[in-house]
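**Q** Taken in sequence, the protein lines are chains A and B. Just so it is clear: in the first sequence, position 248 is 248 by the working numbering, and no numbers are missing. Just so it is clear: in the second sequence, position 366 is 1366 by the working numbering, and no numbers are missing.
For the record, the hints were derived by calculation from the structure and aren't laboratory data. Worth double-checking, as some hints may not be accurate.
Computed footprint of chain A on chain B; a stretch qualifies when at least three of its residues, placed anywhere within it, have a C-beta under 8 Å from a C-beta of chain A [said to hold, decoys possible]:
1) 1038–1052
2) 1061–1074
3) 1257–1264
As the structure is a prediction and not an experimental result, all values here were calculated from the model. C-beta: ideal position from N, C-alpha, C; glycine also.
2 protein chains.
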Amino acid sequence: MNKISTNSPKGTRDFLPVQTKRRQWIFDQLKSVFESHAYVPIETPAMENLSTLMGKYGEEGDRLIFKILNSGDYLRKADEQSLQAKDSNKLISSISEKALRYDLTVPFARYVVAHQNDLSFPFKRYQIQPVWRADRPQKGRYREFYQCDVDVIGSTGLWSEVELVGMIHKGFSKLGLEGVVVKVNHRKILAGMVEVIGKADMLIPITVAIDKIDKIGMEGVQKELLEKGLTENEIKMLKPMLEGNNDLSSMRDFLSSSEIGMEGLNELEFLLNNCAKLNFDLQVDCSLARGLNYYTGAILEVVHPDFPSSICGGGRYDDLTGIFGLPNVSGVGISFGADRIYDLLEAKNLFPSSLKESVDLLFLNMGDEEASLALQLSSELMDAGFSCMLYPDNKNFKKQMKYANELGVKKVLIIGTEELTNSEVSIKDMESGEQIRVSQKDLIKTLKS
Amino acid sequence: MNKISTNSPKGTRDFLPVQTKRRQWIFDQLKSVFESHAYVPIETPAMENLSTLMGKYGEEGDRLIFKILNSGDYLRKADEQSLQAKDSNKLISSISEKALRYDLTVPFARYVVAHQNDLSFPFKRYQIQPVWRADRPQKGRYREFYQCDVDVIGSTGLWSEVELVGMIHKGFSKLGLEGVVVKVNHRKILAGMVEVIGKADMLIPITVAIDKIDKIGMEGVQKELLEKGLTENEIKMLKPMLEGNNDLSSMRDFLSSSEIGMEGLNELEFLLNNCAKLNFDLQVDCSLARGLNYYTGAILEVVHPDFPSSICGGGRYDDLTGIFGLPNVSGVGISFGADRIYDLLEAKNLFPSSLKESVDLLFLNMGDEEASLALQLSSELMDAGFSCMLYPDNKNFKKQMKYANELGVKKVLIIGTEELTNSEVSIKDMESGEQIRVSQKDLIKTLKS
């Protein structure tokens, strides 16, 4: 038989037990925060209809969606013209009906519309599931990764934004990560800025440029804005805002002529004041845009000085469900990037050491009669809260002990001929090496003490 | 904008909050059993290389694997001949390199070989992840469903089989499901049976036929065996075994001339005796084959009288890792069918009612100053273990109370002008309708009592 490669596909990963436990621990910490804030879990399928996803993430996004080939004789319905022209792009819709989800936001919008009669609004949901993107794999960027999304949908109340900022702090505090910086901007402030310099029609290209300030610096942004047709003077007007001159009074001066800008500023002020009262740290950053055009209000992003990209982000969107036939439903949400958070916690050595431990007790296998008794005691020990196993083979002592060592077992239990006769068990502490013998009826009591 | 369908793809499902919680509860119960038995979690990617999966599940299985279209200009590398001939099947390998996993067993085999140097053997792992099959959707059969697999790999010790039978009973007991029947057969007994009737070369077709006995009855099986070329007499010889004449002594008589049959019988006897000693109920069923050719030893299946198909199953396989270049590694494992178990528990109304509850406490929103205080108290209440939310909008009282009702909130907390002035909170019990007012400093104490 040919030997088949054992690699997982490019950009995807297998997880070893300790990694899996650590990932699960991250999810559990976040879940406990979400649930204490009265968010409830939902799940959607990995596959969505292609029509649900296409056109929601821009042209680049469409390209990065993993499409699933139709089953059976898929070429029978293939578009003849595209096939002859070998037009890969045009052929897709006739040979693929489904795709892997690209994020959790669009499936959630579909879900809300589909199940609107089963939900109470404002609907507070969380969702922890993987998403897939055909991105070029690189350090910290995977083709399969988990998003942990929390959203409130069906309410315009700004208290949700306040709550989300609090949850960000609470979440990272639960994960033991200090020093996170929560940044905020407002879409209407961005709109006000471009209105003030007389370029209201260029909101998107301008924000796309200034969003890159962290990567290409103010000079790079300036260059891009010039290329996009802004004058030196217009750029000079924007500069103080972009360079972090973000006290509210100078923002108020700058935006005073723009109605939408002032609206954004008032909302931002509400958010800042109420977060301050609750000691939720929050920093204004007028260059923050997060690329996504669907944000209509507050824009949030969390960064950490020891990590190159954002580890959480989100914002308010006023009409995500409109495309699925339910207009005028406002929502706000954030998404924790579990895989980036994992990488950061690992680099900073912040995972609890208890996640490395696996097995409390291991019975050596000294023969069938002994093993049968071991399994019987094992059952009682598990009921008492220990994790416990019997070595499945009657191999030599040294081999079994070596295994116990590799596994990091805390205590090895031995039932040999003598112990069997005297209804006893020997307990070997794997750390101290000490060995004692106790009666079987005292086993649990001894191990618990 | 065109309205887009809100359906999820055929054969897939969205899960409402209570469903998601119930599913999570099933996983949690099983996980606790797996972990107490010293199994550790792993995860593998949803996508595998197509070459990893193809040819492992038979021709029908290959057809049911969801293939992922290559990204970019996938037609550029498409096989010209298959394209011209419109041969869907032959074209696949040139336009698709990846596929969604079909089960957890083959990815696990690949994983073991890939990470053999990082694992200690016997390696005891569990894995709870979804799998995908392009099956025709029908009641209880989904295109996306979860498998909960537990395997021991790298040991031939039959104690693992004993442990797995115990885990099956423990698992279903944790789920509150009584009346499960654990059935066992042995591949070598099947081999012995066909050897005894002189048809050793027809092991696979004969077991495929007798495996259907639950669906098509003994008569249907007889018909199929005749069609496959067995004589009336040969079928008559098999009949007592297939009809459940499964006491060990008559099996011993029947199989006495077959070495492999007696080997299987001895192993079965070991398993039965040791399960009996531990009170793990186990029933022999010589017609059990579970279709899968990779089983080489014990074959296990769990059924319930109120459910038409098996809810758990597995067995021993001696050479699953061979195809990936690591021969002679024996493994044994079982897989719990979480979605079927869900359907059964739901039909029997066995889910804990606590899974329906979501929110302990809801603060009405009576204005900005009141809301700010509510969020502050909220934070303390969450630290004290309550799930708690503030209604995000300052809507009218009736609307907020209606929401609290729909959500099944236990207690509504009210801070209005009076409460604000007197540092108090009103607590309305949503079940009794009773309302009391307490000082803010006594709030937690009162709610806890």
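**Q** Count the residues of the region 1257–1264 of chain B whose CB lies closer than 8 Å to any CB of chain A, then report whether that count reaches three.
**A** With 0 residues closer than 8 Å to chain A, the region 1257–1264 of chain B misses the three-residue bar; violated.
**Q** When I compare C-beta atoms, does the region 1038–1052 of chain B have three or more residues closer than 8 Å to chain A?
**A** holds (count 13)
**Q** Are there three or more residues in the region 1061–1074 of chain B whose C-beta lies closer than 8 Å to some C-beta of chain A?
**A** holds (count 10)
Violated hint for the displayed structure: number 3, the only one.
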